[in-house]
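Novice: Below, each chain spelled out in residue letters.
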Amino acid sequence: AQTVTQSQPEMSVQEAETVTLSCTYDTSESNYYLFWYKQPPSRQMILVIRQEAYKQQNATENRFSVNFQKAAKSFSLKISDSQLGDTAMYFCAFYLSGTYKYIFGTGTRLKVLA
Amino acid sequence: DAGVIQSPRHEVTEMGQEVTLRCKPISGHDYLFWYRQTMMRGLELLIYFNNNVPIDDSGMPEDRFSAKMPNASFSTLKIQPSEPRDSAVYFCASSPPRGEKLFFGSGTQLSVL
Numbered sequence: 295a296q297t298v299t300q301s302q303p304e305m306s307v308q309e310a311e312t313v314t315l316s317c318t319y320d321t322s323e324s325n326y327y328l329f330w331y332k333q334p335p336s337r338q339m340i341l342v343i344r345q346e347a348y349k350q351q352n353a354t355e356n357r358f359s360v361n362f363q364k365a366a367k368s369f370s371l372k373i374s375d376s377q378l379g380d381t382a383m384y385f386c387a388f389y390l391s392g393t394y395k396y397i398f399g400t401g402t403r404l405k406v407l408a
Numbered sequence: 041d042a043g044v045i046q047s048p049r050h051e052v053t054e055m056g057q058e059v060t061l062r063c064k065p066i067s068g069h070d071y072l073f074w075y076r077q078t079m080m081r082g083l084e085l086l087i088y089f090n091n092n093v094p095i096d097d098s099g100m101p102e103d104r105f106s107a108k109m110p111n112a113s114f115s116t117l118k119i120q121p122s123e124p125r126d127s128a129v130y131f132c133a134s135s136p137p138r139g140e141k142l143f144f145g146s147g148t149q150l151s152v153l
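One line per chain: the protein sequences are F and P, in this order. At position 73 of the first sequence the residue is numbered 367 (this note's numbering), and the sequence of numbers has no breaks. At position 65 of the second sequence the residue is numbered 105 (this note's numbering), and the sequence of numbers has no breaks.
Keep in mind the hints are simulated off the structure, nothing from the lab. Honestly, I wouldn't trust all of these hints.
Capping the alpha-carbon separation at 27 Å, the derived lysine-lysine pairs in BS3-like fashion look like this [said to hold, decoys possible]:
#1 K141(P) to K395(F)
#2 K141(P) to K118(P)
#3 K367(F) to K141(P)
#4 K141(P) to K372(F)
#5 K364(F) to K395(F)
#6 K395(F) to K108(P)
#7 K364(F) to K141(P)
#8 K395(F) to K118(P)
#9 K64(P) to K395(F)
#10 K141(P) to K349(F)
With these hints in hand, go ahead and build the complete structure from the sequences.
Specialist: Quick look at the structure:
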């Protein structure tokens, strides 16, 4: 069975600094996708970034980038130039192609300090 | 596109009452999911549909929970009778045919007193 682990329940970062959130997963499959979702206080689950396992290149979306280490089964999220609006819960998620089941980690609460 | 639309945003009810949560998925998305989020258990998949047909309801906690999708643009999650332990945020989400991207609604905060 697949699992997703986020070992940092809470983190904080100063505005304009860079922060990295960790995620590890476990699977014996090869065809899967990884995601980071953001959940601000408004409760909305927002897709931040998506990585296909077959792609070696790390995904990037503006200030958000990932470090995807397939052999190590690690998928960390780097937020550059942190902004107050980045304050939220961040969930790492795993999707095994064809199963239609997403597995979510327990989340990391990030607070950006002014 | 307006995204996944859920209603109501908040629901407060008394134990024993029937609760109905509603969802409109993104047009063209074949898959619809219902999730429940609690502090203790995180995000749990309750049920998902493909082309309006329930595929996997193994996450539905009890017979008190039921879900329907009468057409491609509407789904309901019903709890009857409701209990205080059902208090949670309920999310609806949809995805396009290959299921490789999940879009969430804004959730319904349910409080059962």
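Novice: Against each hint, give a clear statement of whether it holds in the structure.
Specialist: Hints versus structure:
no. : hint               : verdict
1   : K141(P) to K395(F) : holds, 11 Å
2   : K141(P) to K118(P) : holds, 26 Å
3   : K367(F) to K141(P) : holds, 20 Å
4   : K141(P) to K372(F) : holds, 20 Å
5   : K364(F) to K395(F) : holds, 20 Å
6   : K395(F) to K108(P) : holds, 19 Å
7   : K364(F) to K141(P) : holds, 20 Å
8   : K395(F) to K118(P) : holds, 22 Å
9   : K64(P) to K395(F)  : holds, 20 Å
10  : K141(P) to K349(F) : holds, 16 Å
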